[in-house]
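Colleague: Next come the chains, spelled out residue by residue.
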Amino acid sequence: MAKQYDVLFRLLLLGDSGVGKTCLLCRFTDNEFHPSHISTIGVDFKMKTLVIDGIKVRIQIWDTAGQERYQTITKQYYRRAQGIFLVYDITSERSFQHIMKWASDVDEYAPSKVQKILVGNKSDEVDKRQVATEQGVKLAKAYGMDFFETSAFTNHNITETFTRLAEQVLAANKKDLDLLQMSMNDELDLAALEEEEGLCNSAAGDQGKGCWC
Amino acid sequence: MSSDGNKKQFWKRNAAKVPGSIQHVYGAQHPPFDPLLHANLIKAGNKPPPATPGKPKKATTFQEFESITSDAWDVGDDDDELLAMAAQNLNIEVVMETANKVIENHSKQQERQRLDDTTELEQREEDTQEEVAEEEEEGEDEEYEDDRVEEGDVTSPEVSFASQSSPYTDGRLVKSHSEAPIGSPKDAASEHAALHRQRSLPHRPPVIPLVARMADQNTSGTPAMTEREASRLDKFKQLLAGPNTDLEELRKLSWSGIPRQVRPITWKLLSGYLPANAERRESVLQRKRQEYFGFIQQYYDSRNDEHHQDTYRQIHIDIPRMSPESLVLQPKVTEIFERILFIWAIRHPASGYVQGINDLVTPFFVVYVFEYIEEEVENFDVSSLQEEALRNIEADSFWCMSKLLDGIQDNYTFAQPGIQRKVKALEELVSRIDESVHRHMQQYEVEYLQFAFRWMNNLLMRELPLRCTIRLWDTYQAEPEGFSHFHLYVCAAFLVRWRKEILEERDFQGLMILLQNLPTMHWGNEEVSVLLAEAYRLKFAFADAPNHYKR
Chain A
1 MAKQYDVLFR LLLLGDSGVG KTCLLCRFTD NEFHPSHIST IGVDFKMKTL
51 VIDGIKVRIQ IWDTAGQERY QTITKQYYRR AQGIFLVYDI TSERSFQHIM
101 KWASDVDEYA PSKVQKILVG NKSDEVDKRQ VATEQGVKLA KAYGMDFFET
151 SAFTNHNITE TFTRLAEQVL AANKKDLDLL QMSMNDELDL AALEEEEGLC
201 NSAAGDQGKG CWC
Chain B
214 MSSDGNKKQF WKRNAAKVPG SIQHVYGAQH PPFDPLLHAN LIKAGNKPPP
264 ATPGKPKKAT TFQEFESITS DAWDVGDDDD ELLAMAAQNL NIEVVMETAN
314 KVIENHSKQQ ERQRLDDTTE LEQREEDTQE EVAEEEEEGE DEEYEDDRVE
364 EGDVTSPEVS FASQSSPYTD GRLVKSHSEA PIGSPKDAAS EHAALHRQRS
414 LPHRPPVIPL VARMADQNTS GTPAMTEREA SRLDKFKQLL AGPNTDLEEL
464 RKLSWSGIPR QVRPITWKLL SGYLPANAER RESVLQRKRQ EYFGFIQQYY
514 DSRNDEHHQD TYRQIHIDIP RMSPESLVLQ PKVTEIFERI LFIWAIRHPA
564 SGYVQGINDL VTPFFVVYVF EYIEEEVENF DVSSLQEEAL RNIEADSFWC
614 MSKLLDGIQD NYTFAQPGIQ RKVKALEELV SRIDESVHRH MQQYEVEYLQ
664 FAFRWMNNLL MRELPLRCTI RLWDTYQAEP EGFSHFHLYV CAAFLVRWRK
714 EILEERDFQG LMILLQNLPT MHWGNEEVSV LLAEAYRLKF AFADAPNHYK
764 R
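From first to last, the protein sequence lines are chains A and B.
Everything in the first sequence is counted per this note's numbering, starting at 1 for the first residue and increasing by one.
Everything in the second sequence is counted per this note's numbering, starting at 214 for the first residue and increasing by one.
In isolation and in its complexed conformation, chain A is listed as follows (with noise of 0.2 Å):
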């Protein structure tokens, strides 16, 4: 049997209720679009597989709902994830400042060798632009982001966003990775190796706060 992937590692869409994570996602990986997608309760999952430089790269995705209250529950897939996206709504000023709040969330509770990507979504909506591309540019670089405004209703940007990320955590351990391909030539899980690594394995269930060691 054909080996479906090479390399499978988890991304997480975070940001405020409403920013447009689930039509992003949902553009990804089915290429469709919903105007009005129903609100996400706790967290969903979808997947994907790319070929980057010739690896296939399995992709979990964890889609959060944005609500406050639900930070209990999503915070326990922080340390799980490989790749974050930070995402706001061009639309939304008030989106835009809240980045703040969920980068240190994820400086909290997240490993820290996440890779991060901040998207500005809802790019076509031109009009109702309330966030600059220069003011998402910046905040990126203050963080040492990369940063992409995207449209999941145009299509526009959302393929590149993803792979980028992709690229990113490849890159972020492909130390990892050349060692496991060497030895074994076979697929492999990052999240496995950071598990092994005892990086991040603390039960999920537990309250949020649980402790990577």
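Don't take every hint at face value.
Capping the alpha-carbon separation at 30 Å, the derived lysine-lysine pairs in DSS-like fashion look like this [stated by the list, open to error]:
{"id": "1", "chain 1": "A", "residue 1": "K75", "chain 2": "B", "residue 2": "K545"}
{"id": "2", "chain 1": "B", "residue 1": "K545", "chain 2": "A", "residue 2": "K128"}
{"id": "3", "chain 1": "A", "residue 1": "K3", "chain 2": "B", "residue 2": "K616"}
{"id": "4", "chain 1": "A", "residue 1": "K48", "chain 2": "B", "residue 2": "K713"}
{"id": "5", "chain 1": "B", "residue 1": "K501", "chain 2": "B", "residue 2": "K448"}
{"id": "6", "chain 1": "A", "residue 1": "K113", "chain 2": "A", "residue 2": "K174"}
{"id": "7", "chain 1": "B", "residue 1": "K501", "chain 2": "B", "residue 2": "K465"}
{"id": "8", "chain 1": "A", "residue 1": "K113", "chain 2": "A", "residue 2": "K56"}
{"id": "9", "chain 1": "B", "residue 1": "K450", "chain 2": "B", "residue 2": "K616"}
{"id": "10", "chain 1": "A", "residue 1": "K174", "chain 2": "A", "residue 2": "K141"}
{"id": "11", "chain 1": "A", "residue 1": "K174", "chain 2": "A", "residue 2": "K56"}
Derived by calculation from the structure, the hints in this document are not laboratory data.
Source: prediction; values computed, not measured.
Please arrange chain B on chain A, whose structure you already have, making use of the hints.
Modeller: Positioned in the frame of chain A, the structure of chain B alone reads:
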């Protein structure tokens, strides 16, 4: 409830999952064990018991129960009877066989039909006796039995189930009362129930339209209404006609579904919104409706104030993206929902508005809309209703939703402790009722929180079509602590219902995608009734032993 061999497994505790332990990982380095081997194992373990009409065999799992009766669902359409069977673990084969014979011969031989009916009755009686005897035996085995009884549901009006399952109770009592919530066997037999039902079976369309049929299918008041449905409706009407409605009786009757025509009033009574005393109802309604619109006057203008704007903003972005299955997307309805939710949220600051609560308005709203129109109409235009009617629907929906939420508020307070607790309880329960499903999910590292969080947060509304939710809520409102406690058993039955599909999935991704998108689109009353019957059986089995699903 189960044979000895099974019982051991049933109560067995798994070793607790140690936090922080290194667990093996799905994926290529740890390929799933041989699928062929596993498939055989499943097959062997899951063989339906051989048909032995003389000797009743107990259905111990949902699968067995289902496999024994799978043919029965197609023919019969009878909630009462199904539920009674599930609760009683009657020998379904015998009953159904007899019933089928009856149908075959009915048109030709009136005489013989009566005879067979009697046989059916006698068979039931026999089975019931055996059931009682076994319960007594079990009781002797279990040292803790009496403790559990005490811990049973003492405050609830239907306490009787828990305590009457006690082996120390008189046998007759056990027999008659254990059937109480689902309609007594006398009823069923004397009405020639099985007979009529199966003859006048309404033919269900192969695909149930998603949008149109809000209320349940069986009692939709169409000309195809069966005699049994008519008789049930009569019973409801009789009960509701008196000066003082016997709520206990109403609960019993409602447990297996409420006819559409009397659902609005029945829901209002069962939720405690309306008093049992008929004379007082009108004044209570008036007062409550006034009170609600008083809140609107007092508070609704504050929705854009600084300390309320987050709440309103969240509601305002959630309503337009609710399920298109309901009427909610009409502008008039959107406004109503926003008012209901905003008022509820600011009057309950401990939780406030939490996404998902918006879903809980829908069943009330839809049911109460149909109080004002004769027939179900596809895409009914709510704005065609009189202003007065709309106001009443709004206020009634608000109060009934408030009553519901009172019972589950800890689902929505900080850190959502109610949900976390229930998801843990679900895990524990499933580990006892279906170890292979539980182990399968553990093997592929699927955590219950990953799929069951939403089941609890939205009371399965995201997993079932609206018509099923409405039917489910008939029972939840008839059950003591239906939304807060019985729901747990329904979730367990729901999960195990998919055991075949679950066991076929061989990786984490497949399992997650299955569990987050369970194929219930075509579900109707039958499926919900089976689910509820199984949930009732589980509740019955665990009611005396609350510690058995807690760590």
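Colleague: Confirm or reject each hint.
Modeller: Hints versus structure:
no.	hint	result
1	K75/A <-> K545/B	37 Å, violated
2	K545/B <-> K128/A	26 Å, holds
3	K3/A <-> K616/B	54 Å, violated
4	K48/A <-> K713/B	25 Å, holds
5	K501/B <-> K448/B	28 Å, holds
6	K113/A <-> K174/A	12 Å, holds
7	K501/B <-> K465/B	27 Å, holds
8	K113/A <-> K56/A	22 Å, holds
9	K450/B <-> K616/B	24 Å, holds
10	K174/A <-> K141/A	24 Å, holds
11	K174/A <-> K56/A	14 Å, holds
In this structure, the hints that do not hold are numbers 1, 3, in rising order.
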